[in-house]
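*Asks:* Listed below, chain by chain, are the residues.
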Amino acid sequence: MRSRRHTEEIGESGIDLAPMLDFVMNLLIFFIITTSFVREAGIVVSRPLAATAEHEESGNILIAVTAGGDIWMDRRQVDLREVRTNIERLHAERPDDTVVVVADKAARAGLIGEVMDEVQLGGIKQVAIGAASEGD
Amino acid sequence: MRMRRHFHEEESGAIDLAPMLDFVMNLLIFFIITAVFTKELGLTVNRAGASGGESSGETSSVLVTVRGSGEIWIEDRIVDVRAVRANIERLHVQKPEAGVLLVADKDAEAGVLVQVIDQVREGGVQNISFAGTR
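Protein chains in written order, with numbering that gives the first Met the number 0: chain C, 0 to 135; chain B, 0 to 133.
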């Protein structure tokens, strides 16, 4: 039944899949290029609100600082002294990535400063402080 | 069944693209699912006095201090967090090229700090350096 209809349409078996394949390949390449592999911190903190917060284009490394003074990055809790070596490793893997330090509302400013220092010693100069926009 | 399809293929001369298409479709679905389009929201600040970083030799920057108790000082006056923006706007008009040096006590809360950074940016100064008291 099915093959007979094809025979009538194009005179041989099978639909020409090439244009569809071209289209799908283009989609695939688009998604491969636009995919950004964000290094999640691995913990949820309540971010402070800020009206002037901007989207960090390549802010792919997240470091969370909790109210209790814990530091989380790459889904693990790390010591302050480990931040530098971790950043050095991640910086070597993807040199374009920048860091967003996501601090809890009740985190201490001193610790945030120390984390930012360690990040800069690790080789990434551009550091942002994470915030949430008032919309969300 | 298999033999017949093979025979049929050779007869028509075309390659069967369906298995390749299946594979590519699977890849496509994988990338669609794992794609993350959300960009992180953040406030970019410079780090002043970082050990290893260069210190900005600007002497004309406006000093904003956040105390551990939550008090905010601009130059030598205590101001409310809601008054930060107006003060910065005024000082920005007086010294348009001056940046803001933000000094925070070790025990200052990050929430207050971000509020102050936000207000300073709304006041028109984008060049913010963050320093801690040592």
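These aren't lab readings, by the way, just hints derived from the structure by calculation. All of these numbers come straight from a predicted model, not from anything done at the bench. Errors might be hidden in some of the hints.
Capping the alpha-carbon separation at 27 Å, the derived lysine-lysine pairs in DSSO-like fashion look like this [what the hints assert, rightly or not]:
id	chain 1	residue 1	chain 2	residue 2
1	C	K104	C	K124
2	B	K38	C	K104
3	B	K105	C	K104
4	B	K94	C	K104
5	B	K105	C	K124
*Asks:* Compare the structure with each hint and give your call.
*Replies:* Hint check results:
1. C:K104 / C:K124: Roughly 24 Å between the alpha carbons, so the hint for K104 of chain C and K124 of chain C holds.
2. B:K38 / C:K104: The given pair, whose Cα atoms are some 20 Å apart, holds under the 27 Å limit.
3. B:K105 / C:K104: OK: K105 of chain B and K104 of chain C at ~14 Å, within 27 Å.
4. B:K94 / C:K104: Status violated; Cα separation ~32 Å.
5. B:K105 / C:K124: With a Cα-Cα distance of about 22 Å, the restraint between K105 of chain B and K124 of chain C holds, given a limit of 27 Å.
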